[in-house]
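J.: Sequence:
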Amino acid sequence: MLIYQLANLADNPTALVALAGALLVALVTGIAFHEFSHAWTANQLGDNTAALQGRLTLNPLAHLDKFGTLAILIVGIGWGKPTPVNPYRLRYGIKTGNLLVSVAGPLSNFLFAVIAALPLLFGWVDMGYFPNLDYIKYASGEQIFGFFLLMIIQLNVLLGLFNLIPIHPLDGFKVILGILPNELANPLARLSKWGPALLMLLIAISFIAPSYSPIRWITSDLTNLILNILVP
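Each residue of the sequence shown is one higher than the one before, counting from 163 in our numbering.
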């Protein structure tokens with residue numbers, strides 16, 4: 163829960179400013195790139211609905227959702243403003259078109275994380291003692307920049323994994339509908355109305371009993387696994 167990390171650093175102004183700045187940069191770039199990728203993919207597939215609404219841009223103001231942003235800061239998971247898509251205009255049909263548009267967002271986050279990880283992976287940027295924030299007061303400018311990169315990597319991986327959860331309205335739901343045969347996808351699609359309530363329930367469980375939260379298993383264990391690969 164990211165906002166709690168900020169609160170724990172109240173007695174360390176240097177670490178507080180560095181972490182807050184890193185979170186802001188990671189949040190803005192991660193969500194903007196994610197939603198832009200949805201809009202760009204839809205436009206490439208023949209649907210310019212998002213483009214006409216000013217969403218074919220990397221400007222974060224066009225993509226940030228106030229509740230989704232707040233959820234990231236409080237819970238550590240969240241979302242951007244949904245990108246409008248007219249599935250009937252997508253090339254390759256509704257099912258495949260929706261799959262391609264939906265998967266583009268999470269894939270863009272993973273790509274962004276890999277690009278941000280390259281300077282750390284190849285030793286071009288020294289991360290110093292991070293992520294131990296107690297040492298940030300002794301860090302050089304290069305090490306603080308390395309910390310910024312680490313936060314961008316972590317949040318983009320987190321956004322990508324969270325959005326792949328197969329629950330409506332997350333991207334993973336349309337991805338799984340596109341993968342499954344129609345005899346399974348059609349009954350599942352009819353359950354979409356229960357998706358938001360189920361998602362809120364799972365988020366609530368992550369607060370009440372985090373050890374039993376499926377979202378925690380996905381966004382914590384899998385995130386750490388991927389981070390260990392990207393930044394060994």
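Since the hints were derived computationally from the structure, they do not count as laboratory data. Glycine included, each C-beta is placed from N, C-alpha and C at the ideal position. A hint or two may mislead.
Straight-line alpha carbon distances no greater than 25 Å define the calculated DSS-like cross-link-like pairs of lysine-lysine that follow [stated by the list, open to error]:
(1) Lys243 / Lys257
(2) Lys243 / Lys228
(3) Lys355 / Lys243
(4) Lys355 / Lys228
(5) Lys355 / Lys257
Label-pair ranges, simulated between beta-carbon atoms [said to hold, decoys possible]:
(6) Ser373 / Gln215: 16 to 26 Å
(7) Pro358 / Phe284: 19 to 29 Å
(8) Pro372 / Leu223: 28 to 38 Å
(9) Arg251 / Asp383: 18 to 28 Å
(10) Asp227 / Thr258: 35 to 45 Å
(11) Met362 / Leu186: 24 to 34 Å
(12) Met362 / Gly303: 33 to 43 Å
J.: Of the numbered hints stated earlier in the document, which are not met by this structure?
T.: 6, 7, 9 and 10
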